[in-house]
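**Student:** Chains as they are written, first to last, in my numbering: chain A, 81 to 757; chain B, 81 to 757; chain C, 81 to 757.
Quick caveat, the hints were computed from the structure, so don't treat them as lab data. All values derive from a computational prediction rather than experimental measurement. Glycine residues also receive a C-beta, built at the ideal position from the N, C-alpha and C atoms. Incorrect hints may have been included.
[Said to hold, decoys possible] Only some residues are given here: those of chain A computed to face chain B with a beta carbon under 10 Å: (1) Trp123; (2) Pro163; (3) Ala166; (4) Tyr169; (5) Asp176; (6) Val183; (7) Gly185; (8) Arg198; (9) Arg199; (10) His345; (11) Gly433; (12) His445; (13) Thr449; (14) Arg452; (15) Ser681; (16) Ala684.
[Claimed, not checked] A short, non-exhaustive set of chain A residues, derived as facing chain C with CB atoms under 8 Å: (17) Ala203; (18) Glu281; (19) Gly285; (20) Gln292; (21) Glu493; (22) Asn499.
[To be verified] Distance ranges between label pairs, derived from CB positions: (23) B:Ala610 <-> A:Asn501: 42 to 48 Å; (24) B:Gly547 <-> A:Pro356: 55 to 61 Å; (25) B:Gly468 <-> A:Asp398: 53 to 59 Å; (26) B:Gly547 <-> A:Ala106: 52 to 58 Å; (27) A:Asn501 <-> B:Ala581: 27 to 33 Å; (28) B:Val606 <-> A:Asp450: 44 to 50 Å; (29) B:Val606 <-> A:Arg552: 51 to 57 Å; (30) A:Pro336 <-> C:Asp242: 27 to 33 Å; (31) B:Pro336 <-> C:Arg247: 49 to 55 Å; (32) B:Pro405 <-> C:Gly741: 36 to 42 Å.
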Amino acid sequence: MTRRIGYGGDYNPEQWPRDVWDEDYAAFATAGIDTVTVGVFAWAHLQPAEDRYDFSTLDAIVERAAAEGVRIVLATPSGAMPPWLAHAYPDACRVDFEGRRHVYGQRHNACPSSPDFRRLSVALAGKLAERYGDHPAIVAWHVGNEYGGTCWCPRCGEAFRDWLRERYGDLDRLNAAWNTAFWSHTFTDWAQIPPPNALSEHWRGPDHTAFQGITLDYRRFTSDALLGGFVAEKAAIRAHVPDTPVTTNMMGLYQPIDYHRWAPHLDFASWDNYPPEDASPSRTASRMALAHGLMRGLRDGAPFWVMEQTPSVTASRDVNPVKRPGVLRLWSWQSVAHGADAVLYFQLRQSRGACEKYHGAVLDHAGRTDTRVFREVVELGGEFARVGDALLGGRTPARVALLVDWDSWWAVEMSDGPNRNVRYLDVLTAYHRALWQANASVDVVPVTADLTRYDVVVAPLLHMVKGDLADRVTALVERGGTFVTTALSGRVDEEDNAFLADVPGPFAGLLGLRVEETDARQPHVVNPVALDGEVHEARHVFELIVPEAAPGGPAAEVRGTYGADFYAGTPAVTRAVRGAGSAWYVGTLLDDAGVASVVRSTLAEHDLLGPLADVPDVEVAERVTPDGVRHLFVLNHGEARTVRVPVDGTDLLSGHDLRAGDELALAPAAVHVIRRG
Amino acid sequence: MTRRIGYGGDYNPEQWPRDVWDEDYAAFATAGIDTVTVGVFAWAHLQPAEDRYDFSTLDAIVERAAAEGVRIVLATPSGAMPPWLAHAYPDACRVDFEGRRHVYGQRHNACPSSPDFRRLSVALAGKLAERYGDHPAIVAWHVGNEYGGTCWCPRCGEAFRDWLRERYGDLDRLNAAWNTAFWSHTFTDWAQIPPPNALSEHWRGPDHTAFQGITLDYRRFTSDALLGGFVAEKAAIRAHVPDTPVTTNMMGLYQPIDYHRWAPHLDFASWDNYPPEDASPSRTASRMALAHGLMRGLRDGAPFWVMEQTPSVTASRDVNPVKRPGVLRLWSWQSVAHGADAVLYFQLRQSRGACEKYHGAVLDHAGRTDTRVFREVVELGGEFARVGDALLGGRTPARVALLVDWDSWWAVEMSDGPNRNVRYLDVLTAYHRALWQANASVDVVPVTADLTRYDVVVAPLLHMVKGDLADRVTALVERGGTFVTTALSGRVDEEDNAFLADVPGPFAGLLGLRVEETDARQPHVVNPVALDGEVHEARHVFELIVPEAAPGGPAAEVRGTYGADFYAGTPAVTRAVRGAGSAWYVGTLLDDAGVASVVRSTLAEHDLLGPLADVPDVEVAERVTPDGVRHLFVLNHGEARTVRVPVDGTDLLSGHDLRAGDELALAPAAVHVIRRG
Amino acid sequence: MTRRIGYGGDYNPEQWPRDVWDEDYAAFATAGIDTVTVGVFAWAHLQPAEDRYDFSTLDAIVERAAAEGVRIVLATPSGAMPPWLAHAYPDACRVDFEGRRHVYGQRHNACPSSPDFRRLSVALAGKLAERYGDHPAIVAWHVGNEYGGTCWCPRCGEAFRDWLRERYGDLDRLNAAWNTAFWSHTFTDWAQIPPPNALSEHWRGPDHTAFQGITLDYRRFTSDALLGGFVAEKAAIRAHVPDTPVTTNMMGLYQPIDYHRWAPHLDFASWDNYPPEDASPSRTASRMALAHGLMRGLRDGAPFWVMEQTPSVTASRDVNPVKRPGVLRLWSWQSVAHGADAVLYFQLRQSRGACEKYHGAVLDHAGRTDTRVFREVVELGGEFARVGDALLGGRTPARVALLVDWDSWWAVEMSDGPNRNVRYLDVLTAYHRALWQANASVDVVPVTADLTRYDVVVAPLLHMVKGDLADRVTALVERGGTFVTTALSGRVDEEDNAFLADVPGPFAGLLGLRVEETDARQPHVVNPVALDGEVHEARHVFELIVPEAAPGGPAAEVRGTYGADFYAGTPAVTRAVRGAGSAWYVGTLLDDAGVASVVRSTLAEHDLLGPLADVPDVEVAERVTPDGVRHLFVLNHGEARTVRVPVDGTDLLSGHDLRAGDELALAPAAVHVIRRG
């Protein structure tokens, strides 16, 4: 098979008569589709009863694809169990947050602790691997689908207690970790520990818990429990398939699962790109870039796949707009810019019935190939074909790291006090957006990442500080790097207990300050912050900062001050010099311009502002192929405008030579992939 | 008994001492009240224990009414079961959407599949019929009360599976109907099928389901299951009462029950008129007119009863305003204009305690007869008495049909995609309002209605197309009629599976177009649509229309175009000529003026614009008595204004002769009933 | 021990190592803290297993406090049961409104009807009393914590039925009380009566019930059931402790518990002062004053304790602002002004983990004593020390009574009709705020209070009229007093059945009017009311008043009239002269200025307008010590302003002599305690 950017998508021919298959492949050929994902949700089809398998149709599907020269991603169908399974094993269904055992319905519906579900899903994965494992058309295995959700059943309760025994060893350590002396919760027998939900520690939903410790551990346990299913299926595949890579389709900025705990078990990362609607194109675009970065960061920067995106509309939203002309192409190339080696659709042919019947597809209900959507699919397929393998395997070297930490995400949002209106993603995306607009190449990495590679490390809302992170950050700064963190960082240890020290805990000395109080206000309350000659709006939390010298250096210098309330004139933003570097603290939540001011100052310290940093809505990203060739992507998410070509090179899409400094007219949704040289 | 417009209401003398009965009848005589509905909710009273009946008080109630010359509507009390029943048979209580078995409380609380509830309610209906069946004062039987709600208990699950076996015969057909191959839901045993609720296919409530097919069938099943109770009680009555008509009080535009499935079992239609509050008087008025029309349409245009309305306030709303002076009279005459032969109140005497103690009544807690409300009741009673039988049995001939279809209502609102903000009633009432303002006499009919009677057929949001409807519509148009339908019509078949054809499915050829894409936007997004020289606002959904010739004729002509977005300049509203007629398509949701423009164009094609079509808030309706006399009602729902008398005749209320073209000063809430001649 | 205003707070040294205790006491000495509440939530610590008690640490805590000269409030820990209890006795956990049995979690989690919880909590209270009962450092006992919540378990159902048997004697009386004939709810066996919740009579939450009677009785029962726990623990203490007063910490304006039913069982009142955030300082301040008054009124005006307040932030709110500088002092002195003899904090040392880790504390996580918060605590402690016993035991004589009635609160908010937007506290606080701003000294008392002490009695939303209240109000007026009541008063009897008489029932004659209709409108609808030359805004409910002479005197005179709607020009506010006094009726909900107009008119009739009644945001309150010395508190809740000194005297805080009429510059948060003389 030709090496090129994978192109295709989810395909369920078992739901259609054979003559439709012919239509499908004719259209695939027209569109340059070379990859199909088959088998997702086919469990009832492949195994109509516990004691009966039927691979005849899948055999035909695989053979047809192979015959057409189309590559196959073979999925295990465990994302949705069949009715017979739930009927035979009712406790394979989940118990929900409200404490109710569900009966059969929907998908992603199996209890991760059910031994029957585990046994049957793993057996089927093994059967598939045994039968198709050496088929040359199969280029990847895809386990389950969009893992997620939580079960609170008694069996999960038991598994949770086993997980806790493993983690804490004895109850004294657990009681200390959860601070159970508060409110008389000291557990004296493991059996006393319930799954934390609406019937035990919670009120007003999953983020409101009386004991953050138990809830935090239940999220960690849930992430691990779901991972257990993936790992077991993967092992069953590996028993027959030694080399073909195994993945699952993740969901980007998905709060319920800590993908960093999953990363070591994935042979490559893949994810489904359905950005939330947003008024502003750059918010949408930068959010996708952040998610691409997060996914890329799971495997240390290796290329990933976009396993799903819609060619046009979604169906599951309250309101589902069509993708505007050119947007499909623009976003697809953005994926490639950020490291995708394949860009697939959900779905190739539109479903007849049920809840995704109006979800967009390459081929609509009428099977037309003369639609705008199909034409755009064809055009993009043509470009991918023309580019061939020129970009494959490329990486995106970065000197800036953005730290993402699921534990902090969970902890800060389930905290009682200071302010429930602070949402982790809002702050993370605000800082990322500033980096993105500045054309900075950013690695989105876990707090355990090697920081010695970076000049700038940005860590918004790093509420929890674990392990030796503070030491590694200090080392970064000492050797000349820049560290930026924000309000509500450095508050708790790995068990969500407050540091018995000045805020922000392990960072206080490095930052040259302590936070004495944290004011919180309703969303409409604005405190103006003066910063480098401009005044920005701050909201939600206002930390009262006392600059204070520490062993590592002098007290922080004040860079921004509050303009209102009883703390008017006191520091809101500070910068401390430590060794050869500096450490910034932003003690409040600034508006976009305020965040940009801080971020650009830190980038400027290291000469990392990009060539089109001042052009709004235009994205610049770089990908370097294994042979060292650098490709600069220029992507216009906004209105038509003219910019200066940033580098000499050849546009891979138009074939035109471009000279740095020349004028470049960017139409809306314009894409340029400039091979430098 | 005198033949006249029935006047009276719900009456529960069993809750009061006998001396109050004397007061009641004195007041009834003053007010001209000649009809009482007795027995509603009297179960515990009539049958204090399973093995004990006590009809002594009801005997007295019936005899007293008869002695006073008051007609009786005798109700079976099955709208609320007594505590002893629920206590003896706990599974006679419902299981709710959340999967919880209820214990005793409220009303309309019985599981329709409970054999004990069925047995006991039917037995009591039989006892009543046996005892009172030949009483001459009884003019109608009234089974239960405001049927509604849903049960999801295991017994309903079993009954649902029986219903499905009846409908589909075998599981293969069921699996195809529900498209269960999607998400691995192929059922291999009937017992695997659960009632669809929050524990199975649903999330975010009853309109959010993973499988529309199962949910749609559960709604149909529920409608039939409740009907089963009505039918069984009616049969028990008919065993003793050969002729007296049997009805139940319906609720107009009530989404949970498909009244079209009930209609054949009703001897006459009756309903409870509690319009939702609305800022604009014409919205309220036209909505009531629509509901009257729907009820009238159940029995092919035969007169119906308003079984309940409040003389003043409701109690169950968050905010319960009093009816403004004259409104009771205005709305009561509007009922008659649209086909009511009786206008009754809930309630005649105000309840002492519990949740309706503040609901309005003819007689308040103090029993006063010198209140504004009582005076208005007396005045209206006097008018009804004066008019006598002049209007009884009248019908409202119409050349315009508005199609209402519960299946489409359910399907479009439970659809995932394109837009959850599209609500069936909003669109239905918008089109109806335009017809109403144009003084069009409209039949509100099911999609199975005989269309050969009509010149114009309007079908908003006809999402589902069943049976031979498309053929009948085509025939209508071919012979010179006009058909109007809208965005989101013609999408699915009877099983909610998408037509594998161009949108709008079976109507595409007739309409001379295909819809290639459907854009959906948030409610604040407006696309201006230019239509016949005016510009109107369109919202929510924007279909991208491709006019296309079809065997029946040329491509549609473009009547309106979008003014914004990438589809600016493309068709939004079209009209196709087919045979002697035309077919309109409105591919978006227009504002009121836009809808009026389309509707008036179609009415004008058939010279159906009414005499006061341009006078806002003034309603014109016609009722023709069996002797062929035409009565024109002129009802002013707005401010005082002067109009031209539309026809020669005599005002039945004032006795004045009116000449067409003369000035007629309409006070607010004015009512004129002009006997033409 | 020195007699002085108690100062200190909740203290849990069992959660900390001993060296922290040394730090604590050093800080307490600095701050003048002389009182600690210990033992709250220490159950698991004191009784680690059902058969094992461990008082060793508590012994040390008590001895240390005593050695430091610090007074002890010893709490029983029954506010939160330990895990072993819930595990051994699962039905000690509550069943919630949704009908779900909870498992272990949170606090205030025990079923009040659980015999095991009762037995174990009482036994532990007895053990504590036996061991520490004669310890001289213990100045008070504190049972449980913030009693509240409701259980709907089968055992509570049984206890409810016992309670009903006690109340009603037989089912006939119960059926009459609840008006069960409505909707066929006649109970024929006690066992048929369910606890009223989402599975029986309720929908849309606790305020929406089909039968107000059963729900009202369940609230009364719940209040009594929780009280049963308090009474039983108190009895166990009294078996060993003859004299030391016993209390529990209440919550001020807390709707779920009728504190008037609790009052006889408390040796003194205490409460936790966490005012809701509010935009306006006077709304917050007057609301606290109202709550202080309510608590004081429980024990006939005797001094009470503020058992908890935060020194800075709360944690449980969505948004938790810090207390602004001076506010801690201002609010603390306000407590004293209104009768507090002790002002305690929650908490002395900040918790490490779980849901209150960010709740403010005297000592923060770092244990700092150089913070703003600690400094303010020290300053206030110093003032309390300087004032010594000068104010102890003082009372606040009042000639104005504000009636508060939990039954009316419950009844009016669970009523179906006329308007769900009417909230009892909104109206109560509006009338109180007007009194407060006028510097009126107000007793906040139950409807059973002796009214002969008062000149003015204000009774907003007195929906339910019980016992001989109407007679006592009439006597008040006859002898020259003034009575003020509002819309929606006088509607129902003790069983929530409507009076079968003109509205407002027993008050109609006294008020010289009847209410014929009650209009209700959406919140945005304003009807202007002209009143004493001003026009005020009225909203929500508009009663149509007919002045009517009654045996006691002439018809009411009209003081205010509606300006809009069909009842424009009719009475909105009236005043009836009866005997030597007058009775006001405000038939709608007026804005603040309108309420103030009425309230000030009534105060002026008795020369009760205070010296700074026209100075916004400045509070004046008086406390008279047992020796007859009068202390006038002047508290500035607003911006800086200058006022006239109202009386001659000496400022206890500054030591300055003040002369009536001199200028007094009030800084923001200024406090003056003027000892008159």
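**Student:** Now look at each hint and say whether the structure bears it out.
**Tutor:** Outcome of the hint check:
| no. | hint | result |
| --- | --- | --- |
| 1 | Trp123 | 4 Å, holds |
| 2 | Pro163 | 4 Å, holds |
| 3 | Ala166 | 7 Å, holds |
| 4 | Tyr169 | 12 Å, violated |
| 5 | Asp176 | 8 Å, holds |
| 6 | Val183 | 5 Å, holds |
| 7 | Gly185 | 3 Å, holds |
| 8 | Arg198 | 17 Å, violated |
| 9 | Arg199 | 17 Å, violated |
| 10 | His345 | 24 Å, violated |
| 11 | Gly433 | 3 Å, holds |
| 12 | His445 | 5 Å, holds |
| 13 | Thr449 | 12 Å, violated |
| 14 | Arg452 | 7 Å, holds |
| 15 | Ser681 | 36 Å, violated |
| 16 | Ala684 | 38 Å, violated |
| 17 | Ala203 | 34 Å, violated |
| 18 | Glu281 | 4 Å, holds |
| 19 | Gly285 | 13 Å, violated |
| 20 | Gln292 | 6 Å, holds |
| 21 | Glu493 | 12 Å, violated |
| 22 | Asn499 | 5 Å, holds |
| 23 | B:Ala610 <-> A:Asn501: 42 to 48 Å | 43 Å, holds |
| 24 | B:Gly547 <-> A:Pro356: 55 to 61 Å | 41 Å, violated |
| 25 | B:Gly468 <-> A:Asp398: 53 to 59 Å | 54 Å, holds |
| 26 | B:Gly547 <-> A:Ala106: 52 to 58 Å | 34 Å, violated |
| 27 | A:Asn501 <-> B:Ala581: 27 to 33 Å | 49 Å, violated |
| 28 | B:Val606 <-> A:Asp450: 44 to 50 Å | 30 Å, violated |
| 29 | B:Val606 <-> A:Arg552: 51 to 57 Å | 53 Å, holds |
| 30 | A:Pro336 <-> C:Asp242: 27 to 33 Å | 46 Å, violated |
| 31 | B:Pro336 <-> C:Arg247: 49 to 55 Å | 39 Å, violated |
| 32 | B:Pro405 <-> C:Gly741: 36 to 42 Å | 58 Å, violated |
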